[in-house]
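Residue numbers (the working numbering), protein chains in the order written: chain A, 317 to 411; chain B, 197 to 687.
Heads up, some of the hints might be wrong.
[Stated by the list, open to error] Listed below are the simulated DMTMM-like cross-link pairs for lysine to aspartate or glutamate, each with C-alpha atoms no more than 20 Å apart in a straight line: (1) A/Lys400 with B/Asp569; (2) A/Lys400 with B/Asp614; (3) B/Lys577 with A/Glu337; (4) B/Lys550 with A/Glu339; (5) B/Lys550 with A/Glu366; (6) A/Lys356 with B/Asp569; (7) A/Lys408 with B/Asp535; (8) A/Lys408 with B/Glu538; (9) B/Lys611 with A/Glu366; (10) B/Lys550 with A/Glu337; (11) B/Lys611 with A/Asp361; (12) A/Lys356 with B/Asp522; (13) B/Lys550 with A/Glu388; (14) B/Lys577 with A/Asp361; (15) B/Lys577 with A/Glu322.
None of these hints come from the bench; they were simulated from the model.
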Amino acid sequence: MSIQLETVRHIARLANLEFSEEELGIFARQIDSILVYIDKLNELDTQRVEPTSHVTQKDQAFREDRVAPSLEVLRALANSPETKDGHFSVPKVIG
Amino acid sequence: MRELFRLTGSEQLSLIRSREISAEEATRACLARMEAVEPRVLAFRCVLRDAALSDARAIDAAFSRGEDPGPLAGLPIAIKDVICLAGHPTTCGSRTLGGFIPAFDATVIERLRNAGAVLFGKTNMDEFAMGSSTENSAYEKTRNPWDLGRVPGGSSGGSAAAVAADMVPLALGSDTGGSIRQPAAFCGVPGLKTTYGRVSRFGLVAFASSLDQIGPFGKSVEDIARSLAVIAGQDPHDSTSASVPVPDYVEELSRGLAPLRIGVPREYFPRGLDSQVGDAVRFVLDRARALGARVEEISLPHTDYAIPTYYILATAEASSNLARYDGVRYGFRAAGAKDLAEMYRRSRSAGFGKEVRRRIMLGTYVLSSGYYDAYYLKAQKVRTLLRNDFVEAFQQVDLIITPTTPSVAFRFGEKTEDPLQMYLSDIFTATINLVGIPALSLPCALSREGLPIGLQVVGPPFGEARLLSAAAALESDLNFRARHRPKALDP
């Protein structure tokens with residue numbers, strides 16, 4: 317296996333996900349086999365190829381910057397697990 | 197008259213329009229059919245019974261006032277649960293969005309309402325549209341109406357199954373790598389992925405933003421044309437929606453096949469292809485020749501590189517899009533975390549299912565420092581090569597025909613343990629999303645086991661009108677719908 321467990325742990329931290337040791341092992345093996353498959357792309361010489369990020373490569377869409385009504389605060393908060401005084405509420409950020 | 201629920205959307209529409217039946221009768225017929233078969237199919241996340249009936253009655257009232265309620269007046273339509281419908285739960289097949297109720301309608305919903313369509317219910321799907329069997333739904337496993345022991349395909353499995361089971365004449369799905377066309381093929385109904393930018397994505401919960409498109413399932417190609425005519429067009433809420441004019445898809449349906457050049461890419465008939473699928477597609481190509489089309493072999497030389505490219509780009513975009521599920525503004529929040537970082541981690545880990553976490557991990561990996569050039573940039577470059585393949589092909593031919601899937605619908609659990617095998621079921625469809633062009637899956641034959649086989653008709657950018665008229669010509673020649681129906685529900 318070419319991907320290290322430590323790398324998988326690092327990626328999990330970046331992705332804000334946590335796994336049991338057992339899950340971590342299974343994921344590492346599965347991701348590894350997908351990566352081996354993905355390595356197939358290295359058969360292609362792409363040095364002179366421009367990347368495509370979007371298929372409709374038109375100019376950016378612009379509109380006038382005009383103030384218009386948007387979602388009211390109470391409706392925007394309606395799906396939040398926890399709110400307080402018209403704001404989203406979260407656990408302490410700094411310990 | 198045949199049972200009402202068996203009619204195509206277009207047939208139901210003309211009965212409603214001529215007032216031979218009321219919109220309420222059409223909706224009630226669908227509701228009754230749904231009650232009879234849904235316990236075996238499990239296509240829906242929720243059915244909007246009362247809202248649908250009151251919408252239908254409003255259409256009838258408009259008709260009796262002498263008004264025209266719109267091109268889809270009174271026609272029930274099911275909506276994949278990844279599209280926001282104000283005031284009704286939208287789960288995306290995920291625990292994370294268990295209690296989520298959108299505050300606004302997606303643009304496609306607004307357009308359907310304005311066209312007089314009756315919003316019938318929300319359909320089941322793979323979590324966040326990630327999957328090819330609908331087995332990744334956190335809620336239920338939708339069954340294939342042709343064989344209840346098999347998957348309907350995915351990720352829009354609920355929409356495909358609902359139409360195939362005659363519960364609704366129309367449904368919307370979304371397609372990122374085949375999520376409309378593959379279930380359409382498995383369930384024996386037509387399904388269209390539109391050109392990227394043809395249909396607004398506003399209100400579609402994002403999976404991979406440069407690939408996602410909304411599109412219709414119907415009982416006939418005409419159903420597809422009628423619904424596309426309503427949902428297509430530029431939207432100020434989606435900056436990637438195209439300003440290209442929307443042609444009259446219904447008017448252009450009768451153009452036929454005669455002068456068309458059809459390309460058949462040799463790379464889409466590999467050794468691993470189910471021979472029944474290959475034979476069925478070759479039979480249709482013979483019919484196309486008989487109908488006056490010129491059929492020629494072409495090459496799309498980078499085909500083998502499409503799935504690896506797709507899984508880099510789709511997972512990278514997904515890992516970024518799904519970062520928003522942090523338990524703050526919406527979605528599941530784990531209780532008892534001592535600080536914000538722990539709250540994020542625990543909420544996301546408990547809220548997302550296995551496949552979603554696997555793809556977020558893969559996407560985060562390919563975007564992470566030190567790997568970006570090797571994976572993400574490389575894939576973007578190969579995307580250019582794939583696109584060039586099609587640009588060249590469309591200088592030579594008007595349309596391309598391929599199988600939609602390498603095999604017919606598989607059994608539950610058959611591919612769940614091996615993600616790579618599951619990914620490979622998108623081998624003929626995912627390329628199309630990378631290139632951003634339209635493609636429709638058309639049922640063309642039944643396998644020996646009695647399962648539908650789908651044919652994929654691919655067109656150049658914004659070539660939907662041509663594509664649909666060719667598909668309609670093949671459809672009326674093959675007559676699949678009149679010859680076959682899912683026996684698992686009505687033996």
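Evaluated hints:
Only pairs whose Cα atoms come within 20 Å are accepted, and lysine 400 of chain A paired with aspartate 569 of chain B is rejected, the gap being roughly 44 Å. The hinted pair formed by lysine 400 of chain A and aspartate 614 of chain B fails the criterion: a straight-line CA distance of about 45 Å is larger than 20 Å. Restraint check for lysine 577 of chain B and glutamate 337 of chain A: not satisfied, since their Cα atoms lie roughly 36 Å apart, outside the 20 Å limit. For the given pair, lysine 550 of chain B sits about 10 Å from glutamate 339 of chain A by alpha-carbon distance, which is consistent with the 20 Å threshold.
Pair hint lysine 550 of chain B plus glutamate 366 of chain A does not hold up; C-alpha atoms about 35 Å apart against a cutoff of 20 Å. Using a Cα cut-off of 20 Å, the hinted pair lysine 356 of chain A and aspartate 569 of chain B holds, with the two alpha carbons roughly 15 Å apart. With a C-alpha separation of about 5 Å, the suggested pairing of lysine 408 of chain A with aspartate 535 of chain B holds against the 20 Å cut-off. Of the pairs offered as hints, the one joining lysine 408 of chain A and glutamate 538 of chain B holds, with about 10 Å between alpha carbons and a cut-off of 20 Å not exceeded.
Restraint check: the Cα-Cα separation between lysine 611 of chain B and glutamate 366 of chain A comes to about 36 Å, which exceeds 20 Å; the hinted pair is violated. Restraint check: the Cα-Cα separation between lysine 550 of chain B and glutamate 337 of chain A comes to about 15 Å, which is no more than 20 Å; the hinted pair holds. Distance restraint check for lysine 611 of chain B and aspartate 361 of chain A: the Cα-Cα separation of roughly 33 Å exceeds the 20 Å cut-off, and the hinted pair is therefore not satisfied. A C-alpha spacing of about 34 Å is found between lysine 356 of chain A and aspartate 522 of chain B, which places the hinted pair above 20 Å, so the restraint is violated.
Between lysine 550 of chain B and glutamate 388 of chain A, the direct Cα distance comes to roughly 35 Å. Violation of the 20 Å bound is thereby established for this hinted pair. Simply put, lysine 577 of chain B and aspartate 361 of chain A have alpha-carbon atoms about 10 Å apart, close enough for the 20 Å limit, and the pair holds. Between lysine 577 of chain B and glutamate 322 of chain A the CA atoms are separated by roughly 30 Å; this puts the pair beyond 20 Å, and the hint is violated.
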